[in-house]
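Which chain is which? The protein sequence lines are F, E and G, in order. In this text, residue positions in the first sequence follow our numbering: the first is 113, and each later residue adds one. In this text, residue positions in the second sequence follow our numbering: the first is 140, and each later residue adds one. In this text, residue positions in the third sequence follow our numbering: the first is 237, and each later residue adds one.
There's no promise every hint is true.
[Claimed, not checked] Partner residues aside, some chain E positions facing chain F, computed with beta carbon under 8 Å:
# : residue
1 : Leu-211
2 : Gln-402
3 : Asn-424
Read the hints as simulated data drawn from the structure, not as lab findings. Quick caveat: nothing in here was measured; it's all calculated off a predicted structure. Ideal Cβ positions, reconstructed from N, Cα and C, are used throughout, including at glycine.
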Amino acid sequence: MRRNMALAGIALTGLVLAGCSGDLGINRAICDGEVTVDTVTMFAHEGAEAGAISAAVDAFNQGPGSELGLTAELTLIPEGQYSDNINAAAASDDLPDVLDHDGPTMANLAWNGSLSPLDDCIPDDLRGDVLPSLIEQGTYAGNLWSVGSFDSGLGLYAWRSALEEAGVRIPDGIDDAWTADEFREVLVALQDVGFERPLDPKFWYGSQGEWFSYAYQPVVWSAGADLVTRDGEPTADGVLNSDEAVAGLETFQGWIQDGLVDTAAADDSNFLSKRAPISWVGHWMYAPYKEAAGDDLVVLPLPDFGTGTKTGLGSWAWGMSSTTADPDAAWALISHMMSLDVITAITEANGAVPGTQGAIDASELYSEGGDLELFVQQLDRAPDVAVPRPVTPAYPAITTQYRAVIDDIVQGADVEATLDGAVAAIEADIEANEGFPEPTDEASPSG
Amino acid sequence: MSSTTASPADLAPDDANDDAPNVGLAPTRRNEARTAWSFSAPGLLFLLVFLIIPFLLAIAFSFSNARLITPLPTRFTGVDNYVEVLTSGTFWRGLLNNTIFVLVVVPVQTFLALMLAILVNRKIPGRTIFRTIYFMPVVTVMAAAATIWVLLFNPDGLINAVMETITFGAFAPDWLNSTTWALPAVMIVSIWQGVGFQMIILLASLQDVPDTLYEAASIDGATPWQQFVNVTLPGIRNGLIFVVTVTTILAFRLFDQVYLMPQSPGGPLDATRTMMLEMVQTGFNEQAIGRGSAIAVVFFVIVLTITLVQRRFIREEGQV
Amino acid sequence: MSTTDPAPRTDPGAHATSDPAAADPANDDAGIGTSGTTLRLKPSDAWMYVVMVALAIFFLFPLVYMFVSSFKPDDVVLSSSGSLGALWPSPTVGLENYGDAIERASVVRVFLNSVLISTLIVGGGLVVNSLFGYALARLKFRGRNIMVAVMVALIIIPFEALAVPLLFMGAQANMLDTYAIQILPFIANPLYVYLFYTFFLNIPVELEEAARVDGAGPVRTFVSVIAPLAKPAYATMAILGFLFSWGQFLWPVMVTRGVAVRPLPLGIGTFQTTPPIQWGDIMAYAGLMTLPLLIIFLIFQRYFVQGVASSGVKG
Chain F
113 MRRNMALAGI
123 ALTGLVLAGC
133 SGDLGINRAI
143 CDGEVTVDTV
153 TMFAHEGAEA
163 GAISAAVDAF
173 NQGPGSELGL
183 TAELTLIPEG
193 QYSDNINAAA
203 ASDDLPDVLD
213 HDGPTMANLA
223 WNGSLSPLDD
233 CIPDDLRGDV
243 LPSLIEQGTY
253 AGNLWSVGSF
263 DSGLGLYAWR
273 SALEEAGVRI
283 PDGIDDAWTA
293 DEFREVLVAL
303 QDVGFERPLD
313 PKFWYGSQGE
323 WFSYAYQPVV
333 WSAGADLVTR
343 DGEPTADGVL
353 NSDEAVAGLE
363 TFQGWIQDGL
373 VDTAAADDSN
383 FLSKRAPISW
393 VGHWMYAPYK
403 EAAGDDLVVL
413 PLPDFGTGTK
423 TGLGSWAWGM
433 SSTTADPDAA
443 WALISHMMSL
453 DVITAITEAN
463 GAVPGTQGAI
473 DASELYSEGG
483 DLELFVQQLD
493 RAPDVAVPRP
503 VTPAYPAITT
513 QYRAVIDDIV
523 QGADVEATLD
533 GAVAAIEADI
543 EANEGFPEPT
553 DEASPSG
Chain E
140 MSSTTASPAD
150 LAPDDANDDA
160 PNVGLAPTRR
170 NEARTAWSFS
180 APGLLFLLVF
190 LIIPFLLAIA
200 FSFSNARLIT
210 PLPTRFTGVD
220 NYVEVLTSGT
230 FWRGLLNNTI
240 FVLVVVPVQT
250 FLALMLAILV
260 NRKIPGRTIF
270 RTIYFMPVVT
280 VMAAAATIWV
290 LLFNPDGLIN
300 AVMETITFGA
310 FAPDWLNSTT
320 WALPAVMIVS
330 IWQGVGFQMI
340 ILLASLQDVP
350 DTLYEAASID
360 GATPWQQFVN
370 VTLPGIRNGL
380 IFVVTVTTIL
390 AFRLFDQVYL
400 MPQSPGGPLD
410 ATRTMMLEMV
420 QTGFNEQAIG
430 RGSAIAVVFF
440 VIVLTITLVQ
450 RRFIREEGQV
Chain G
237 MSTTDPAPRT
247 DPGAHATSDP
257 AAADPANDDA
267 GIGTSGTTLR
277 LKPSDAWMYV
287 VMVALAIFFL
297 FPLVYMFVSS
307 FKPDDVVLSS
317 SGSLGALWPS
327 PTVGLENYGD
337 AIERASVVRV
347 FLNSVLISTL
357 IVGGGLVVNS
367 LFGYALARLK
377 FRGRNIMVAV
387 MVALIIIPFE
397 ALAVPLLFMG
407 AQANMLDTYA
417 IQILPFIANP
427 LYVYLFYTFF
437 LNIPVELEEA
447 ARVDGAGPVR
457 TFVSVIAPLA
467 KPAYATMAIL
477 GFLFSWGQFL
487 WPVMVTRGVA
497 VRPLPLGIGT
507 FQTTPPIQWG
517 DIMAYAGLMT
527 LPLLIIFLIF
537 QRYFVQGVAS
547 SGVKG
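Input sequences plus hints: build the corresponding full structure.
So this is what it looks like as structure tokens:
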């Protein structure tokens with residue numbers, strides 16, 4: 113084995129010096145309806161729904177899988193190390209057939225050749241039932257590369273009694289969200305009635321995962337800017353460092369500098385014990401918050417920084433690896449993960465917005481009149497209210513930079529200079545990748 | 140332990156050959172050289188395959204635009220990566236933080252380790268208990284230690300509760316979110332976790348100093364301080380050199396703490412960014428292997444230079 | 237704690253003999269060869285104890301905090317941190333957090349993986365590195381001085397710099413997701429070679445010469461004379477090596493996929509992802525990671541420093 117490693121090392125040196133080449137061809141999966149293999153492998157991240165996913169795989173093996181003579185093998189990987197793990201797997205040609213991935217990373221996985229498009233495999237009725245927001249998230253370079261069992265919701269949770277005590281207006285829905293100025297007044301009014309740092313921003317989730325990007329990109333969108341251009345070769349210059357983006361983030365920074373935000377919390381107790389009566393967080397906190405606040409809990413849209421309230425969308429989704437031996441087998445498993453029963457089980461476990469209209473109708477929380485109907489209304493108005501994080505292969509660099517931006521401006525850094533620095537880094541990454549030319553069917557077949 | 144004393148025999152197939160001419164004689168130089176090579180061979184082989192070859196690969200990468208996963212062709216790019224690294228503000232910030240860290244931690248940790256070693260080397264009841272306690276942080280996995288200290292450094296945490304009591308509320312910073320106090324917090328954790336190891340090395344060295352030397356010094360009327368300077372310090376020279384050399388290198392390799400402790404790695408505002416962190420984020424998280432490798436090479440050259448300078452002034456005894 | 241350690245014996249006769257050559261290498265309890273007394277500084281012992289206790293508190297309280305917190309409800313861990321209540325297990329949920337930690341992260345499997353990986357790394361490393369260090373310290377051969385210098389230079393290379401090339405090499409050799417890929421790269425370690433080298437420099441040459449005169453070959457000399465004297469070095473490397481391999485994170489993330497060969501530290505990720513955060517479970521998992529090492533350390537620490545003063549053999 114040691115000799116193998118040594119030989120591999122020498123071979124690789126040659127490879128590096130000679131210059132190894134990939135290619136930009138799409139490895140198109142063809143579903144002919146016949147399953148010709150007997151196992152299908154799948155990676156999934158180990159989130160709140162991990163149990164439901166395991167159960168779904170077991171059900172597959174006993175039901176549709178056994179009918180096809182197919183056994184699914186699931187590998188659960190903790191979320192914090194998931195993207196590093198699949199990057200290492202992709203770099204070493206070690207990907208499974210079905211690949212769970214965080215929505216915004218799809219374009220990079222598609223661009224670098226890890227995924228195959230699903231267009232040939234997904235039946236029209238399912239495509240029609242999947243939420244438009246998820247189709248939006250899963251589409252890149254004219255192809256559909258992923259579908260998710262669930263979508264996400266982001267908003268402000270509040271203790272109604274605290275808002276009433278402060279005597280502030282409580283918005284009814286998306287169209288009369290608090291403006292950013294009004295929101296500041298709300299926070300000040302809450303401070304006046306004794307809530308020392310009324311806004312819980314969940315900074316303690318840390319900037320290592322997607323949280324800072326998911327939660328605080330809406331500030332920039334709502335201010336009328338974006339992170340990069342969405343058409344053609346991505347560019348951040350003049351977009352992420354535009355006047356609108358600077359103004360939006362300066363407003364956000366102002367709340368922190370005025371001491372209105374609980375930046376020091378390291379768990380959820382500030383909202384649960386009503387010390388911080390407003391929480392800027394996603395759908396996953398509904399259950400614990402409801403338990404603590406009961407009927408006193410209200411769910412509101414994020415503040416409007418100028419062009420209406422905006423929110424994030426998308427979450428983990430299923431893709432088919434380009435190295436899969438039999439696309440029909442991989443699709444059989446993905447299709448099972450998109451069935452009503454599985455989606456219902458998964459979203460009951462993680463509290464997320466069900467990924468198909470059919471499953472939403474079956475959900476008490478998310479259907480009309482439910483506590484979390486707001487999140488569905490936001491998604492229905494994608495990409496106008498719920499906005500996908502930029503669907504571009506440059507996203508890994510963009511999100512890394514944006515998280516650092518949030519972290520830095522929370523610390524009091526100058527917003528404009530910070531954004532200029534982030535723009536420079538994103539542009540450098542785009543240049544290093546030769547502008548991320550879109551993959552096409554014309555490029556030479558894989559070699 | 141017993142397995143280790145038995146197994147070297149398996150690794151030296153020419154044992155019998157070596158033995159034959161040795162009976163009753165001093166070994167010849169050639170024999171000794173052959174023994175030396177057979178003793179070194181397994182280590183050399185492992186180091187070659189798992190350290191030297193990969194490092195040469197990294198050097199090769201550093202002159203290319205190699206990326207972890209890319210559909211684009213890999214090209215030779217000359218010294219572009221090096222230019223980029225050496226003109227990057229974050230790299231220099233990392234080097235600066237590393238330098239501050241080394242200048243503070245190496246002397247403080249070495250001094251503290253020596254003090255601890257002297258304390259637990261005294262023949263007093265309970266010394267093994269103290270020695271054990273001082274060493275316990277060393278056997279704490281960094282992932283666990285970092286998690287614990289993050290909670291301890293929380294503004295409402297135990298450290299600040301103590302600080303407020305001692306200073307009557309005058310000093311209670313938000314350690315890990317403060318550009319001033321984040322690096323000192325990392326230093327405290329590093330010293331807490333690392334000093335026990337140095338203590339043990341120095342303790343072993345202290346116990347090598349022959350008693351007769353102290354007795355002689357005592358008879359000559361040397362004060363305790365004179366004994367320390369003239370007997371103890373020269374006696375533990377090799378141990379001290381080891382400790383200073385290794386602590387310096389490991390201090391430059393600082394990574395785990397600054398990755399795990401701040402809210403974002405290297406934060407706030409790059410106050411805890413180090414060269415290693417810059418390398419991992421560039422080479423792995425951002426997949427730019429070429430540039431990440433260039434950082435590794437620059438890092439290696441800088442630390443090697445410092446180590447060589449250090450060793451010009453201090454050399455082990457017995458080294459020719 | 238003290239029960240695993242030989243009780244310190246104050247033996248007035250310990251000073252009587254101090255001829256290094258008198259140490260009996262065959263005796264397990266023999267020291268490096270000299271007496272362990274040090275400075276004859278004699279300030280009041282009481283003052284010394286105050287300093288030692290203060291230092292002990294500094295080194296101990298974070299660990300106490302971890303274990304105490306691991307018995308508390310998740311939401312109390314942080315809120316009770318700002319007072320001395322942080323160091324007192326009240327309110328408590330008993331072993332519930334440990335139960336959660338074990339159940340959620342396949343702890344038994346990953347624990348055994350870690351034991352296997354770390355044991356093989358350390359076992360192989362003790363042999364390979366000590367032989368190498370001995371050759372560098374004691375045997376005369378061309379290139380020796382250069383090799384010592386190279387060894388120090390190799391210490392500088394951080395593993396993080398090698399990870400990606402090694403990943404490619406491992407993939408080419410078809411070794412991903414195996415135990416081997418987690419073990420082989422870590423057996424030889426220039427730091428430990430240098431550690432042994434430093435230790436062996438200090439061992440009196442007379443002992444080896446005596447063994448050689450008795451007709452022992454180099455291997456026998458090493459096994460029966462040198463290695464027993466170097467117990468502190470072996471123990472130090474064993475503990476550091478175990479600690480390092482036990483705490484590995486980046487490399488297993490890159491080369492392991494499923495739970496089959498995954499080591500212990502990757503499991504902590506299970507608790508750091510899904511809100512609400514469960515500090516109690518995290519502390520329990522941190523405790524589970526730390527405890528085996530603490531136990532190993534407490535068992536082996538007596539080999540750390542084999543001073544005559546603690547063994548009393550020389551009196």
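Output the numbers, in ascending order, of every earlier hint that fails for this structure. none
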